[in-house]
Amino acid sequence: MKKDLYNYILGIADNSLILAQRLGELCGHGPSLETDIAITNISLDLLGQTRSYYQYAAKLAGEDKTEDDIAFLRIERDYKNVLLVEQPNTHFGHVMARQFLFDVYHLMLMEQLQNSKDETLVAIAKKGIKEVSYHKRFSSDWVKRLGDGTEESKEKMQEAINAMWRFTDELFDVMEADKAMIEEGIAVDVSKMKETYYEKVSEILEEATLEVPERKYFTRGGKKGVHTEHMGYLLADLQYMQRTYPNMTW
Amino acid sequence: MGDTKKNWPLWEIFVRSKNGLEHRHFGSLHAADAEMALENARDVYTRRNEGVSIWVVESKNVTASNPQDNGEMFEPAQDKVYRHPTFYDLPDDVKHM
Amino acid sequence: MSEQEVKNLEEIFEARIARDEKIEPKDWMPEKYRKTHIRQISQHAHSEIIGMLPEGNWITRAPSLRRKAALLAKVQDEAGHGLYLYSACETLGISREEMYEQLHSGKAKYSSIFNYPTVTWADMGAIGWLVDGAAIINQVPLCNTSFGPYARAMVRVCKEESFHQRQGYEIMLTLCNGTDEQKEMAQDALNRWWWPSLMMLGPTDAESVHTEQSMKWKLKRKSNDELRQQFIDQTVPQADILGLTIPDPDMKFNEETGHYDFGEIDWDEFWQVVKGHGPCNKERMKARVDAWENGEWVRDAAMAHAEKKANKKVAKAS
Numbered sequence: 000m001k002k003d004l005y006n007y008i009l010g011i012a013d014n015s016l017i018l019a020q021r022l023g024e025l026c027g028h029g030p031s032l033e034t035d036i037a038i039t040n041i042s043l044d045l046l047g048q049t050r051s052y053y054q055y056a057a058k059l060a061g062e063d064k065t066e067d068d069i070a071f072l073r074i075e076r077d078y079k080n081v082l083l084v085e086q087p088n089t090h091f092g093h094v095m096a097r098q099f100l101f102d103v104y105h106l107m108l109m110e111q112l113q114n115s116k117d118e119t120l121v122a123i124a125k126k127g128i129k130e131v132s133y134h135k136r137f138s139s140d141w142v143k144r145l146g147d148g149t150e151e152s153k154e155k156m157q158e159a160i161n162a163m164w165r166f167t168d169e170l171f172d173v174m175e176a177d178k179a180m181i182e183e184g185i186a187v188d189v190s191k192m193k194e195t196y197y198e199k200v201s202e203i204l205e206e207a208t209l210e211v212p213e214r215k216y217f218t219r220g221g222k223k224g225v226h227t228e229h230m231g232y233l234l235a236d237l238q239y240m241q242r243t244y245p246n247m248t249w
Numbered sequence: 000m001g002d003t004k005k006n007w008p009l010w011e012i013f014v015r016s017k018n019g020l021e022h023r024h025f026g027s028l029h030a031a032d033a034e035m036a037l038e039n040a041r042d043v044y045t046r047r048n049e050g051v052s053i054w055v056v057e058s059k060n061v062t063a064s065n066p067q068d069n070g071e072m073f074e075p076a077q078d079k080v081y082r083h084p085t086f087y088d089l090p091d092d093v094k095h096m
Numbered sequence: 000m001s002e003q004e005v006k007n008l009e010e011i012f013e014a015r016i017a018r019d020e021k022i023e024p025k026d027w028m029p030e031k032y033r034k035t036h037i038r039q040i041s042q043h044a045h046s047e048i049i050g051m052l053p054e055g056n057w058i059t060r061a062p063s064l065r066r067k068a069a070l071l072a073k074v075q076d077e078a079g080h081g082l083y084l085y086s087a088c089e090t091l092g093i094s095r096e097e098m099y100e101q102l103h104s105g106k107a108k109y110s111s112i113f114n115y116p117t118v119t120w121a122d123m124g125a126i127g128w129l130v131d132g133a134a135i136i137n138q139v140p141l142c143n144t145s146f147g148p149y150a151r152a153m154v155r156v157c158k159e160e161s162f163h164q165r166q167g168y169e170i171m172l173t174l175c176n177g178t179d180e181q182k183e184m185a186q187d188a189l190n191r192w193w194w195p196s197l198m199m200l201g202p203t204d205a206e207s208v209h210t211e212q213s214m215k216w217k218l219k220r221k222s223n224d225e226l227r228q229q230f231i232d233q234t235v236p237q238a239d240i241l242g243l244t245i246p247d248p249d250m251k252f253n254e255e256t257g258h259y260d261f262g263e264i265d266w267d268e269f270w271q272v273v274k275g276h277g278p279c280n281k282e283r284m285k286a287r288v289d290a291w292e293n294g295e296w297v298r299d300a301a302m303a304h305a306e307k308k309a310n311k312k313v314a315k316a317s
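Chains as they are written, first to last, in numbering that gives the first Met the number 0: chain U, 0 to 249; chain Z, 0 to 96; chain Y, 0 to 317.
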């Protein structure tokens, strides 16, 4: 039970960590100062959530484990984030497409997680829900701006949505460990969110005058720890200090 | 594009720090439209919990008095001392007034 | 306006500043005042924005989640400070785009310390401790400068910046209380950042061109050399607490003056970096130009979208 809960928490938390890491790369390189500041805020929100989850997970694990052990000292196969969040910041359209497709899911998840039987998760969700609502507002607005902006931006935004689309189905996969947690009333059965998710996403994409891609070919693997080739480099950065200088306090 | 290029206009940001206080001018920023101005203001000016309400006004819509007119605009109010309570002499015995 | 009239206005203007009155954007001001302020405020804004880059270099590699969050928040603050300062400068009749143009073309300067590379994590500590320390010494007096929008921006900047230096010093402290390897990393960072930090307070008084006028307009309250001495006097004891050695064999407390004496600063290096030949000048500029150019289609799209929305509103109303 404890092992399942631990894995379940990491499954959620890793998404926040990896997306925060990706957004952190952008700090200082955004299209305008104002946008730069906004994106950093999202990254900081996600990082805050990550810490709450990992602190809880570390407590469950015992043996003096810390949030940083969990964040920095796993091998790639043990990170359980979805493929979507690890995708690179190819251009601003990709950043917003990735964010938007994740935010819609993330908000639904937080809303459901509020009803969990696990008090700590409920507390994290209640705080997170406000942050994530804003993320979704921010990314939806940008999808609409870029979709229904100029010819060039429409093309770029469509290309970005198409590129990210194949990673969306994985969001709704239920892993073995999750099943027990769902039965306990602790975990959210994400498979049930799928149809509503695509409805919500389609609604915004249509408003953005973008085409909703077909739900036909999907790529998955992150939840099982099988990542895209981008992940290794992301982790190389993330873990650099902890790996180069093991067992030190920073 | 070239000459016709339009940059994000400037907006003036007013923030109410807490209910009961007025909105105060906090500064300005750039945004393409009012919604973006609100969002940017939230991220730029209330990161440290500084506000509960935001107004945004596009800077070009603010009409300001001209400092060159300060004489006629503001000086005539200087000698209207009868508008202030200290203008009226009352004996010290009179309380609550 | 006749020459005499301008001269009269200038006298009235200078008298106002001498009385500690603030100048606001719509007030009459001598052209030189406007130009000097545009130059200094935009330079200050550029420094904040370029200053994001050396520290931003370590966001993805911060060694703990706590440090990562603090560093992100700090670099974000620098974006905010750049924004406040650009806005203050815009009240003088120059647009942010024009200021960027000056930066990108190399016409505008920025603090040359940001042209040094950040090669270890300890550099995050050293920058916070030394560079922000020197910046605070420069900035606090500006909260009282004569130009209202600049003074107000600086009040906000100084308030927000108070955590930056502490954050840096805490990183140094943790390293110095850590393993030998960590302490070495801290000492190495101090060795590399010490002299550039001293240079950051500007050329010696003998070489400084703008000082007298700037003093009158309260753009400056103390001379570069005075500020530098103040920085040294307050920083040396902080290094002692860390157990680090200032990389200056001539550094010695002078009982008579009550100040630290210090060695010769390599001004050749300073001017070389100022003139664009520092270790990272080209990289810093390229990062800014890339961000601006790659963002163009995004900014254009937002404007186009805003116009479409506004037109729809009008169509609906009529």
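In case anyone wonders, no lab produced these hints; they're calculated from the structure.
Even for Gly, the Cβ is constructed at its ideal location relative to N, Cα and C.
Errors might be hidden in some of the hints.
[As the list claims (entries may be wrong)] For the chain U half of the interface with chain Y, some residues (derived, Cβ under 10 Å), not all of them:
#1 GLY27
#2 SER31
#3 GLU33
#4 ASN114
#5 LYS116
#6 GLN157
#7 GLU158
#8 ASN161
#9 TYR216
#10 LEU233
[Claimed, not checked] To give an idea of the chain Z side of the interface with chain U (calculated C-beta under 7 Å), a few residues:
#11 LEU28
#12 LEU37
#13 ASN39
#14 ASP42
[Claimed, not checked] Chain Z is nowhere near these chain U residues, computed Cβ spacing over 12 Å in every case:
#15 ILE38
#16 THR39
#17 LEU43
#18 LYS143
#19 MET240
#20 ASN246
Going through the hints against the structure:
no. : hint   : result
1   : GLY27  : 4 Å, holds
2   : SER31  : 6 Å, holds
3   : GLU33  : 7 Å, holds
4   : ASN114 : 28 Å, violated
5   : LYS116 : 27 Å, violated
6   : GLN157 : 12 Å, violated
7   : GLU158 : 12 Å, violated
8   : ASN161 : 17 Å, violated
9   : TYR216 : 28 Å, violated
10  : LEU233 : 8 Å, holds
11  : LEU28  : 6 Å, holds
12  : LEU37  : 10 Å, violated
13  : ASN39  : 4 Å, holds
14  : ASP42  : 4 Å, holds
15  : ILE38  : 9 Å, violated
16  : THR39  : 8 Å, violated
17  : LEU43  : 9 Å, violated
18  : LYS143 : 10 Å, violated
19  : MET240 : 27 Å, holds
20  : ASN246 : 35 Å, holds
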